[in-house]
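The listed protein sequences correspond, in order, to chains A and B. Take any residue in the first sequence, count from 1 to its spot, add 3: that is its number in this note's numbering. Take any residue in the second sequence, count from 1 to its spot, add 12: that is its number in this note's numbering.
Derived from the structure by calculation, the hints contain no laboratory data. Just so you know, even glycine gets a beta-carbon here, dropped at the ideal spot from N, CA and C. Careful, some of the hints might be misleading.
Below are the DSSO-like pairs computed for lysine-lysine, each with C-alpha atoms no more than 27 Å apart in a straight line [unchecked claim]:
| # | chain 1 | residue 1 | chain 2 | residue 2 |
| --- | --- | --- | --- | --- |
| 1 | B | K122 | B | K83 |
| 2 | B | K230 | B | K55 |
| 3 | A | K44 | B | K83 |
| 4 | B | K83 | B | K55 |
| 5 | A | K44 | B | K59 |
| 6 | B | K230 | A | K15 |
| 7 | B | K230 | B | K185 |
| 8 | B | K270 | B | K59 |
| 9 | A | K44 | B | K122 |
| 10 | A | K44 | B | K55 |
Not everything, but these chain A residues come out facing chain B in the computed CB check (under 10 Å) [stated by the list, open to error]:
| # | residue |
| --- | --- |
| 11 | S42 |
| 12 | R43 |
| 13 | V214 |
| 14 | E228 |
| 15 | N236 |
| 16 | I240 |
| 17 | V241 |
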Amino acid sequence: MTERLPVQKTYKLFIGGAFPRSESGRTYLALGANVACASRKDLRDAIRIARQAGGGWSGMTAYNRGQVLYRIAEMMEMRQAELAALCSGPDEVAAAIDRMVWYAGWSDKLAQVIGSANPVAGPYFNFTVPEPTGVTGILAPLPPLLGLVSRLAPVIVGGNTAVVIASESHPLVAIELAECLATADVPPGVVNILTGLRSELAPVLASHMDVAALDLTGADGDGAELERLGAENVKRIVRGRADSQSPYDIAAFLELKTVWHPIGM
Amino acid sequence: MATAPVLPGGFELPLEPRLPRLGSVDAVALEERAASLATRSIKREAKLFALDLAIRMMDLTTLEGADTPGKVAALSSKGIRPDPSDPNIPSVAAICVYPNLVPYAVQRTKGTSVKVAAVATAFPSGQSSLEVKLLETREVIEAGAHEVDMVINRGAFLSGRYAEVYDEVVRVKEVCAGRAHLKVILETGELGTYDNVRRASLLAIAGGADFIKTSTGKLPTSATLPVQLCMLEVIRDVHEETGRVVGMKAAGGIRQSKQAVQFLVQVHETLGLAWLTPDRYRLGASTLLNDVLMQIRKERTGRYQNPDYFTVD
Chain A
4 MTERLPVQKT
14 YKLFIGGAFP
24 RSESGRTYLA
34 LGANVACASR
44 KDLRDAIRIA
54 RQAGGGWSGM
64 TAYNRGQVLY
74 RIAEMMEMRQ
84 AELAALCSGP
94 DEVAAAIDRM
104 VWYAGWSDKL
114 AQVIGSANPV
124 AGPYFNFTVP
134 EPTGVTGILA
144 PLPPLLGLVS
154 RLAPVIVGGN
164 TAVVIASESH
174 PLVAIELAEC
184 LATADVPPGV
194 VNILTGLRSE
204 LAPVLASHMD
214 VAALDLTGAD
224 GDGAELERLG
234 AENVKRIVRG
244 RADSQSPYDI
254 AAFLELKTVW
264 HPIGM
Chain B
13 MATAPVLPGG
23 FELPLEPRLP
33 RLGSVDAVAL
43 EERAASLATR
53 SIKREAKLFA
63 LDLAIRMMDL
73 TTLEGADTPG
83 KVAALSSKGI
93 RPDPSDPNIP
103 SVAAICVYPN
113 LVPYAVQRTK
123 GTSVKVAAVA
133 TAFPSGQSSL
143 EVKLLETREV
153 IEAGAHEVDM
163 VINRGAFLSG
173 RYAEVYDEVV
183 RVKEVCAGRA
193 HLKVILETGE
203 LGTYDNVRRA
213 SLLAIAGGAD
223 FIKTSTGKLP
233 TSATLPVQLC
243 MLEVIRDVHE
253 ETGRVVGMKA
263 AGGIRQSKQA
273 VQFLVQVHET
283 LGLAWLTPDR
293 YRLGASTLLN
303 DVLMQIRKER
313 TGRYQNPDYF
323 TVD
């Protein structure tokens with residue numbers, strides 16, 4: 004009996020709920036593994052799919068979105084060992100799972116905290132309600148798992164869809180996280196994760212007219228240029244902290260809509 | 013029935029006994045060739061050329077029960093000046109509407125290069141009497157349509173009554189003659205086989221079609237690359253045998269620039285540069301135009317575009 008050959012995992016992209024290779028067929032070496040090297044075309048496809056997924060995701064009830072985020076945490080809990088092997092260790096995984104749960108709880112509380120009922124001088128009810136901004140591009144910061152979860156969770160909990168460019172040096176754990184997302188009832192296209200060369204992908208993401216917001220927390224040195232590219236369609240640009248946990252990180256990706264409603268109608 | 017000198021040798025009428033034997037298209041080879049032509053990579057200047065050409069060849073179409081004079085007016089304006097922010101974008105070839113809306117399209121496009129095409133002959137099913145079809149054709153021409161898109165009688169074709177199909181085309185052509193271009197819609201999605209597509213194409217050409225057109229756009233399967241190739245080969249054969257020039261119109265299901273470019277590549281490869289003009293080739297489409305405009309702006313600015321920044325027709 005010969006010794007069994009183990010089946011090795013091929014690290015691919017995560018686009019529209021599927022795990023395709025890069026359409027370019029390219030890979031690059033990161034942490035001793037061959038990782039898909041996404042092309043501009045992959046990025047364009049991911050953005051198109053994220054936009055299509057936006058209506059369904061933002062139209063779900065807040066309660067339901069919270070359940071999906073909670074289920075992501077459940078799936079991460081099941082894969083703790085695999086995740087820990089690809090990032091700094093079990094502590095980072097635990098922190099990332101807790102952060103996901105923390106944000107899951109916010110989904111049906113956002114409107115109360117960030118929105119308001121405003122006193123106005125006239126026979127009107129006046130409400131301010133938060134609405135998702137749209138497709139959000141994220142340059143994931145380090146640490147590879149906690150940084151990614153800390154920036155991704157506040158974006159999607161508010162009803163946005165995300166196109167993430169994983170850390171170039173530590174991309175593996177992002178794809179491992181994608182395995183959790185794929186089994187967590189996250190509708191296809193709500194989160195798309197690309198691995199590849201940031202210098203190649205980030206400018207395309209920043210200049211794309213269909214991207215409404217950009218999280219540059221993970222940008223290194225090229226932030227100003229990316230902001231300039233994002234100015235053409237007045238993208239919402241966010242530079243947060245890689246380890247923050249705050250409802251204002253959610254608010255950063257929400258638009259506030261104020262409505263006037265006549266009293267007694 | 014008379015003979016039809018416009019057909020290649022061996023294709024002489026009478027049709028009834030002969031047409032069933034005129035088919036025999038190699039379906040596997042046809043699909044393979046269509047698929048291999050679709051893999052051509054068209055980039056940069058060539059892509060811009062193709063996109064510009066696609067707009068100039070476009071029959072901007074609205075064929076809905078919900079069409080109103082207002083919608084046709086808006087569509088006509090869009091056809092004349094597809095991108096208000098860019099004067100370099102050409103006008104489309106024609107606006108294609110239902111018979112009732114022809115006067116509005118004619119009024120809106122007066123004085124421009126944009127023509128008006130009207131669907132007629134009980135579009136899309138063609139299930140009506142010949143008198144009604146002829147009357148409808150006459151009406152749209154009198155209303156000012158430059159081009160008539162007729163449908164063939166698929167019911168007759170599929171039951172083998174080829175002469176009836178042929179006669180209808182001939183009669184409609186008589187009404188159009190000298191006054192309007194006749195495009196004959198085969199509705200290939202209902203014909204079933206490539207053999208039938210080839211037969212119907214020959215029949216339409218023999219009957220006097222100026223253009224042959226794939227589909228009405230009302231079926232789930234409309235213009236596909238193999239079907240167009242099949243029809244283009246008929247046009248090529250007729251041209252080689254008789255010198256007669258017949259145009260081609262692909263319509264239905266062409267929504268993306270990439271598809272449009274693939275259709276154009278096929279025309280170029282099969283019929284050559286001579287057919288890459290709006291007089292000989294048309295693309296029937298509605299949503300395609302905005303996608304083409306987005307691609308052109310992407311090529312010019314380097315930024316991928318968002319449909320929100322383009323006018324809804």
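Checked hints:
1. B:K122 - B:K83: Holds - the C-alpha atoms of K83 (chain B) and K122 (chain B) are around 17 Å apart, at most 27 Å.
2. B:K230 - B:K55: violated (32 Å)
3. A:K44 - B:K83: violated (35 Å)
4. B:K83 - B:K55: Distance ~34 Å between K83 (chain B) and K55 (chain B) Cα, so the pair is violated.
5. A:K44 - B:K59: Status holds; Cα separation ~16 Å.
6. B:K230 - A:K15: violated (39 Å)
7. B:K230 - B:K185: holds (24 Å)
8. B:K270 - B:K59: Cα-Cα ~9 Å, so holds.
9. A:K44 - B:K122: Given pair K44 (chain A), K122 (chain B) is violated - Cα atoms ~42 Å apart, limit 27 Å.
10. A:K44 - B:K55: Holds, at roughly 13 Å.
11. S42: Hint on S42 (chain A): violated, closest Cβ of chain B at ~13 Å, above 10 Å.
12. R43: Holds, about 9 Å.
13. V214: holds (8 Å)
14. E228: violated (14 Å)
15. N236: holds (7 Å)
16. I240: Cβ of I240 (chain A) sits 16 Å from chain B, so the hint is violated.
17. V241: Violated: closest Cβ of chain B sits about 19 Å from V241 (chain A), beyond 10 Å.
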